[in-house]
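Based on the hints, put chain B in the right spot on chain A.
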Amino acid sequence: MAERGAAPKVPPLRRRALHAVRSLFTPLLPDDYLELINPLWSTRELRGRIERIDAETPEAATVLIRPGFEWPGHRPGQYLRIGVVVDGIHHWRAYSLTSEPDRPDGCIAITPKLVETGKVSPYFVRQARPGDVVRLGGVEGTFVLPDPPPRKLLFVSAGSGVTPIMSMLRSLHRSDSLADAVHVHSAREVEGVIFAERLGEIGDVHEGYDLHLRITGEEGRVGPDDLDRICPDWRERHAFLSGPAAMLDAMSERWERDGDPELLHMERFQPVIGGEPGEGEGGRVRFLESGVEAGCDSGTPILVGGEEAGATLPFGCRMGICHTCVGRLCKGEVRDLRTGRVHGSEGEMIRTCVNAPEGPIEIAL
Amino acid sequence: MNATTVEVESPLAHLSEERLEELARELDEIRDRTFADLGERDRRYIESMIAMQRRLAVMGRVLLLGARYRPAKIAGTAALSMAKILENMEIGHNVLHGQWDWMNDPQINSSTWDWDTASTAEAWKHSHNYVHHTFTNILGKDKDLGYEIMRIDPQQKWHPVYLAQPIYNLLLAAFFEWGVALHDLDFEAIRKGRKSKAQVKRELAGIREKAKSQIVKDYIAWPLLSGLAMAALDVGLEARGPGRRRGGLAGALKRALGGGRSSYRAAASANATANIVRNVWAYAIIFCGHFPDQTHTFKPEEVEDESRGGWYVRQLTGAANIEGGPLFHVASGNLGYQVEHHLFPDLPSTRYAEIAPQVKQVCERYDLPYNSGPFGQQLWMVQRTILRLAFPGGVPRPKPGPYRREDHPAL
Numbered sequence: 005m006a007e008r009g010a011a012p013k014v015p016p017l018r019r020r021a022l023h024a025v026r027s028l029f030t031p032l033l034p035d036d037y038l039e040l041i042n043p044l045w046s047t048r049e050l051r052g053r054i055e056r057i058d059a060e061t062p063e064a065a066t067v068l069i070r071p072g073f074e075w076p077g078h079r080p081g082q083y084l085r086i087g088v089v090v091d092g093i094h095h096w097r098a099y100s101l102t103s104e105p106d107r108p109d110g111c112i113a114i115t116p117k118l119v120e121t122g123k124v125s126p127y128f129v130r131q132a133r134p135g136d137v138v139r140l141g142g143v144e145g146t147f148v149l150p151d152p153p154p155r156k157l158l159f160v161s162a163g164s165g166v167t168p169i170m171s172m173l174r175s176l177h178r179s180d181s182l183a184d185a186v187h188v189h190s191a192r193e194v195e196g197v198i199f200a201e202r203l204g205e206i207g208d209v210h211e212g213y214d215l216h217l218r219i220t221g222e223e224g225r226v227g228p229d230d231l232d233r234i235c236p237d238w239r240e241r242h243a244f245l246s247g248p249a250a251m252l253d254a255m256s257e258r259w260e261r262d263g264d265p266e267l268l269h270m271e272r273f274q275p276v277i278g279g280e281p282g283e284g285e286g287g288r289v290r291f292l293e294s295g296v297e298a299g300c301d302s303g304t305p306i307l308v309g310g311e312e313a314g315a316t317l318p319f320g321c322r323m324g325i326c327h328t329c330v331g332r333l334c335k336g337e338v339r340d341l342r343t344g345r346v347h348g349s350e351g352e353m354i355r356t357c358v359n360a361p362e363g364p365i366e367i368a369l
Numbered sequence: 115m116n117a118t119t120v121e122v123e124s125p126l127a128h129l130s131e132e133r134l135e136e137l138a139r140e141l142d143e144i145r146d147r148t149f150a151d152l153g154e155r156d157r158r159y160i161e162s163m164i165a166m167q168r169r170l171a172v173m174g175r176v177l178l179l180g181a182r183y184r185p186a187k188i189a190g191t192a193a194l195s196m197a198k199i200l201e202n203m204e205i206g207h208n209v210l211h212g213q214w215d216w217m218n219d220p221q222i223n224s225s226t227w228d229w230d231t232a233s234t235a236e237a238w239k240h241s242h243n244y245v246h247h248t249f250t251n252i253l254g255k256d257k258d259l260g261y262e263i264m265r266i267d268p269q270q271k272w273h274p275v276y277l278a279q280p281i282y283n284l285l286l287a288a289f290f291e292w293g294v295a296l297h298d299l300d301f302e303a304i305r306k307g308r309k310s311k312a313q314v315k316r317e318l319a320g321i322r323e324k325a326k327s328q329i330v331k332d333y334i335a336w337p338l339l340s341g342l343a344m345a346a347l348d349v350g351l352e353a354r355g356p357g358r359r360r361g362g363l364a365g366a367l368k369r370a371l372g373g374g375r376s377s378y379r380a381a382a383s384a385n386a387t388a389n390i391v392r393n394v395w396a397y398a399i400i401f402c403g404h405f406p407d408q409t410h411t412f413k414p415e416e417v418e419d420e421s422r423g424g425w426y427v428r429q430l431t432g433a434a435n436i437e438g439g440p441l442f443h444v445a446s447g448n449l450g451y452q453v454e455h456h457l458f459p460d461l462p463s464t465r466y467a468e469i470a471p472q473v474k475q476v477c478e479r480y481d482l483p484y485n486s487g488p489f490g491q492q493l494w495m496v497q498r499t500i501l502r503l504a505f506p507g508g509v510p511r512p513k514p515g516p517y518r519r520e521d522h523p524a525l
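Chain order of the listed sequences is A and B. Just add 4 to wherever you are in the first sequence, counting from 1, and you've got my numbering. Just add 114 to wherever you are in the second sequence, counting from 1, and you've got my numbering.
Errors might be hidden in some of the hints.
As the list claims (entries may be wrong) - In the SDA-like style, the derived pairs of lysine to any residue whose C-alpha atoms are separated by at most 20 Å in a straight line are: (1) B:K239 / A:E293; (2) B:K326 / A:R26; (3) B:K315 / B:K326; (4) B:K239 / A:H23; (5) B:K315 / A:E366; (6) B:K326 / A:E366; (7) B:K309 / A:G295; (8) B:K309 / A:C334.
As the list claims (entries may be wrong) - Selected chain B positions facing chain A (in silico; Cβ < 7 Å): (9) E154; (10) D156; (11) A165; (12) M217; (13) D219; (14) P220; (15) D230; (16) K326; (17) S327; (18) V330; (19) K331; (20) A335.
Stated by the list, open to error - The following residues of chain B were derived to be distant from chain A, with all beta-carbon distances above 10 Å: (21) I321; (22) R322; (23) L351; (24) Q475.
Because the hints were derived from the structure by calculation, they are not lab data. From the three backbone atoms N, C-alpha and C, an ideal C-beta is built for every residue, glycine too.
If we strip away everything but chain A, and leave its shape as in the complex, we get (with noise of 0.2 Å):
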């Protein structure tokens, strides 16, 4: 099964009235022929409509969304699936969201990078428009602001890192809680810093928050050690450092040596599921549909071993987001290997790539 949205915040006065009229249109729905008049209306999947583009950088626009229901919000610093068609492709990415989750005007924005060889970052910089419909899945991602924000503040960004910050910065101004925040910011060249303005604004409101903005082709990159000069209380801080993987790696271990790691947060778009063997008793799973039969212990995840057994299944992030594995369970139980929960009832669609089974199973793949 193909990738598909979120599904909508409808009100239920509404998903009552199209579930008493869906014999009229089987083996279709209602959302079939409403869609026809105006996509956003499926209640099957979340759609936005493109508002606004404005372009950040020669290769960076921000691309303005309005959801077709109710937006169920977001914490600072998460990033959504998006779905767009690309020369007739349905394709989907994770973008992190760069709007606050409650503006006032209901709407939502990523900003993404061109990648020159990419399908969807090329389609969001040069080919979208006003009025496209995109497809919005779901929303994910443990690198976000606490709720209440800690009082001291060390941002560290490079390049399109600083994305996921922007929303943690958006939702600092408007809750007025930037009282004592330092940014550290780097860019190739002085063109490609995305947000420039932005930032530049909330610095001209905000006293307390002091943005360092380092151009690198020109000063060079920012290590570990400027820390000490020029943020000499970054042990103090809650630090949220998003960027290239090099930059977090060198960056994370001076946490480790001299700072206090539980004060560091750092964005990982791909966490790694499963893997060692944890809790739980694995089991086997039985593929209906492929007849393949594989053993899973407790941390691999359905998906993994029906793989290595040799079954060909369907699958998409690998990370429990995008719903494309989802196999029926038509016996036994599963354990979500991400929360350890053990669930699973007859008939229940579940996502092989983040669960393990829990006693032998099997399951309609």
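Here is chain B on its own, set in the frame of chain A:
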């Protein structure tokens, strides 16, 4: 006379292993080239086809609210029949083949699609996409050769029950979707115990569910709406009308109820007609795909260790095209290009017309036939075969020779 002694020369007899390999490579190239070219234009086609079909269905349903008026009934039945035909043929059959899966669309996808017919998508994908398209025209293996109830090839053994086949042929045409749904169960597999009881039960439950939703939709819900709408109309007209009101409120209600009942019946019968029109059309197109005289059938021993080239030749000679205009091809789900469909079952149907000239060229260079004929002729051949083979005996009809372009001058 024993019919099995009559032999038709195998269409691949003249091709060496190497030639077959080259043939496979050429056909693979056509496939790869076409797949690489799929994009926005194809997506626009299927999306607008689906949108058009749904508008047509809405139009038909709305017209049939007034089914008690003859012109509305005729126009509504026509629109609904056409909508059902498009939904089954150009949309359902092709989506379920995975022809549009490359779009990665969550809805227009073989894994999520369901259609307005008696077969469940799951059963259909097994019996049609897998069994029929893999073992095409192999006697005893392709269950679609006569659907296990008809003798359609002289090499199939005669049984007295086939004497009745001209009659149940007509019944099958009218109730084709139900025949196909039952056929999907694969009686041979059930008889021989190759299917577990649980699976048979699940499949029967699937058909029951499909039957229920069709009955509720076409024979209860929509007719009821029509009845209610017309009863409301009658009450409204009477209340506003200047004439005398006979029998007071009770009389008016009684008349409205009568009007509603006749509307219910008219709408239900219109829906039944639309279902039967769709069934007969699907039957005609599908029977013309493999049963006309030109097509070859194969014995299991002929296809042992079949190469990819051999598979292509079997698909090529086991199917027959139907000639017609663009509207005909859309209404038949592009199964008028049965040959191209059987070579590349998961290629979007819109591309069949485009690659047909390339396939013909291949046929010409490899001295292979390209089976094709006008609709009337093909249907006549099929009916003649069904009549003839109801009786014992029968010989294979002569097969066409290699395709030659000069025999088919451009129009």
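Hints, one by one, checked against the model:
1. A threshold of 20 Å between alpha carbons decides the hint, and for K239 (chain B) with E293 (chain A) the separation of about 12 Å falls inside it, so the pair holds.
2. With a C-alpha separation of about 13 Å, the suggested pair K326 (chain B) and R26 (chain A) falls inside the 20 Å cut-off, and the hint holds.
3. Taken as a hint, the K315 (chain B) and K326 (chain B) pair is honoured in the structure, with Cα atoms around 16 Å apart against an allowance of 20 Å.
4. For the suggested pair K239 (chain B) and H23 (chain A), the alpha carbons sit about 28 Å apart, so the restraint of at most 20 Å is broken.
5. With a C-alpha separation of about 18 Å, the suggested pair K315 (chain B) and E366 (chain A) falls inside the 20 Å cut-off, and the hint holds.
6. With a CA separation close to 29 Å, the supplied pair K326 (chain B) and E366 (chain A) exceeds the 20 Å bound.
7. The suggested pairing of K309 (chain B) with G295 (chain A) holds, with an alpha-carbon distance near 14 Å, which does not exceed 20 Å.
8. Note on K309 (chain B) and C334 (chain A): the hinted pairing holds, with a Cα-Cα distance of about 18 Å set against a maximum of 20 Å.
9. Interface hint at E154 (chain B): satisfied, since its Cβ lies 5 Å from the closest Cβ of chain A, which is below the 7 Å cut-off.
10. Taking 7 Å as the C-beta contact cut-off toward chain A, the hint placing D156 (chain B) at the interface holds, the least distance being around 6 Å.
11. Contact between A165 (chain B) and chain A, as hinted, is supported at the beta carbon level, the nearest pair being about 6 Å apart and thus within 7 Å.
12. Annotation: interface hint on M217 (chain B) holds; nearest CB of chain A at approximately 6 Å, less than 7 Å.
13. The criterion of a C-beta within 7 Å of any C-beta in chain A is met by D219 (chain B), whose closest approach is roughly 5 Å, and the hint holds.
14. Among the interface hints, the one on P220 (chain B) holds; its C-beta lies about 4 Å from the nearest C-beta in chain A, closer than the 7 Å criterion.
15. Given the 7 Å rule on beta carbons, the hint for D230 (chain B) holds: about 6 Å separates it from the nearest Cβ of chain A.
16. Violation of the interface hint for K326 (chain B) is found here, the shortest Cβ-Cβ separation to chain A being roughly 9 Å, above the 7 Å cut-off.
17. Evaluation of the S327 (chain B) hint against chain A yields a held restraint, the C-beta minimum of about 4 Å falling below 7 Å.
18. Because the closest C-beta pair between V330 (chain B) and chain A is about 5 Å apart, less than 7 Å, the hint holds.
19. For K331 (chain B), the interface hint holds, the least distance from its beta-carbon to any beta-carbon of chain A being 6 Å, beneath 7 Å.
20. Interface restraint check for A335 (chain B): the shortest CB-CB distance to chain A comes to about 5 Å, inside 7 Å, so the restraint holds.
21. Chain A leaves I321 (chain B) outside its interface by the beta-carbon criterion, the shortest separation being 13 Å against a cut-off of 10 Å.
22. The claim that R322 (chain B) is not at the interface with chain A holds, since no C-beta of that chain comes within 10 Å of its own (minimum 14 Å).
23. Every Cβ of chain A is farther than 10 Å from the Cβ of L351 (chain B); the closest lies at roughly 26 Å, confirming the non-interface assignment.
24. At the 10 Å boundary, the C-beta of Q475 (chain B) stays outside the reach of chain A, the nearest C-beta of that chain being 28 Å off.
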